[in-house]
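Asker: These protein sequences, in sequence, are chains A and B. Each step along the first sequence adds one to the number in this note's numbering, with nothing skipped, and position 175 is 177. Each step along the second sequence adds one to the number in this note's numbering, with nothing skipped, and position 79 is 74.
These are computed hints drawn from the structure, not numbers from a lab. A portion of the hints provided could be inaccurate.
[To be verified] Under the rule of at most 30 Å between Cα atoms (straight-line distance), these lysine-lysine pairs were calculated in the BS3-like manner:
1. Lys181/A / Lys128/A
2. Lys185/A / Lys175/A
3. Lys185/A / Lys110/A
4. Lys110/A / Lys128/A
5. Lys167/B / Lys128/A
6. Lys110/A / Lys167/B
From a predicted model like this one, the values you see are computed outputs, not experimental measurements.
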Amino acid sequence: MIELIGLTKRYGDAAVVDDVSFTVPARTMTVIVGTSGSGKSTLIRMINRLVEPTSGTVRIDGRDTATVPVHELRRAIGYAIQNHGLFPHRTVAQNIATVPVLLGWDAKRIAARVETLLDLFQLDPKDFAGRYPHELSGGQQQRIGVARALAAEPNILLMDEPFGALDPVIRAKAQEDLKAIQKRLGTTIILVTHDMEEAILLGDRIAVMDGGRLVQHGTPADLLTHPATDFVETLIGTGDRPFRLLSLEAVESAVEPGAADGPAISAGRTQRDALAELIWTGRDALPVTDADGRPLGRVTLAGLIARGGRPS
Amino acid sequence: MAERGARARRLPRAGTLIRFAAFAVLVLFLAMPESFAPVFAPLTTNGAPAIYDRAPLIDLTLAHLGTVAVASLAATVVAVGLAVGVTRPAGADFLPLSRSIVNIGQTFPPVAVLALAVPLFGFGERPTLFALFLYGLLPIFENTLTGLTRLPPAVLDAADGMGMTARQRLLKVELPLALPVILEGVKISTVIGLSTATIGSTVAAKGLGEVIIAGLLSGNMAFVVQGGLVVATLAVLLYDSLGALERRVARRTGRRTG
């Protein structure tokens, strides 16, 4: 669990981050969203003390980070950034091994860990371990950047616009991978982005920053249904709001009894996918099946439309 | 890609061949200068000797290279040390001062430094070493400074974020990445030193300048030309080898120079 308590950073008279407090529960992902200059990067950098707060406290599992030697603190927290920051003079394996080497792991354990991580990110260790970063594609560099951040098995991972430099197709894949890896490893992740779509897709909770202040902190559904300010509403974009709301829930929770014709949709897909399928194929209802293909019931156009409306 | 690689490999081959030939001729000349006498004889008058005979050319060449090596090594250690110092947060205030000192070293002509150094160090190697050392500081200092201040910010941010100490960051990230640029400075400094070292002979330092000066004093063109050619060939070969080393290091860091 990470607690931010009254975090403030001033440069001269200007407060870049102004009295921000929220808590990130263990094993969840919190996404900090804001425009450039909102203080979101400064905020995340205060967690591993790349920026020292002017006032306020960060507690990790109850322990005040200011009492931990700064290098120890950083080695215990994974850190991935935009443009990955891979060391160009080191191979992929050496890059990934950075923190384990700093921590003094033995060579055998490091080699095993590098191999595990490359496998986890679907990069063949035989092919990739010996390559230099400039011999990789942008998407591969990004994956190695995240692998490096996870190398020493940190409980916490900080990510500062990690997908900012990727094209949309690779970005979508990277987001899916991150979600899967977070579920699998149970890492507590704080991710900074300017992209509300990314925040809604990834975040268990979203913290919206504007002008150095925290304007709203809640679940994606909270933000969509009860935006705290006009600014949050603008970020969400009113035009897409129903679809984003539907994208948060699985088809499973919208299943109604009954049957329908035509190809079925899996219960694990999002309600947004189901709605898109209904509109596209001109049907009023879709059969729903579970992961093993057994029929569960159906979703209806009317049911989904009701779910995408403003909650009363 | 394969095609470009093949071409890149073929191109240096011609150059390498010429360099090997030049090196072979140089070694041959230094090993048995007398056999080259017919080549230089047309440059002499009144039956003067065609090949310098007051000291073996090979000894003079080695002494010359030794002087340059010692001076360049000292200049490298001091200049890199200074540049590292003034790029640390604690040393930033000393950047203007260090720049001035290093610039003064470059502004004084080596001849003037030699003249001023003789009363301090006496005649011989030492004033030459001092002049070359001072003269060699600037290119290495400026290049190291450039190398250390133009590193990709994301890489430095990552190094800090991973929990490297300032020392680990310097040794594992900053210096290795700046190495190609630093080496370029060392190359420039060393090659300048190689040619400048010839004037050391005016204050009785052992070196190839002796041959040229003897030729100038006695009006023997053959001496002037052979002394000049040896220094020039050494300079070109040294420049090329240091350049090759620099490119090799640069390739390893995934950067291209030039």
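Asker: Lysine 185/A and lysine 175/A were given as a pair; does the straight-line alpha-carbon distance stay at or below 30 Å?
Answerer: 16 Å, holds
Asker: Checking one constraint from the list: CA of lysine 167/B to CA of lysine 128/A, max 30 Å. Satisfied?
Answerer: 25 Å, holds
Asker: Given the hinted pair lysine 110/A and lysine 128/A, is their alpha-carbon gap at most 30 Å?
Answerer: Given pair lysine 110/A, lysine 128/A holds - Cα atoms ~16 Å apart, limit 30 Å.
Asker: Given the hint that lysine 181/A pairs with lysine 128/A, test it: the Cα-Cα distance must not exceed 30 Å.
Answerer: 26 Å, holds
Asker: Do the alpha carbons of lysine 110/A and lysine 167/B lie within 30 Å of each other, as the hint requires?
Answerer: 21 Å, holds
Asker: Between the alpha carbons of lysine 185/A and lysine 110/A, is the straight-line distance 30 Å or under?
Answerer: 27 Å, holds
When each numbered hint is compared with the structure, no violation occurs for any of them.
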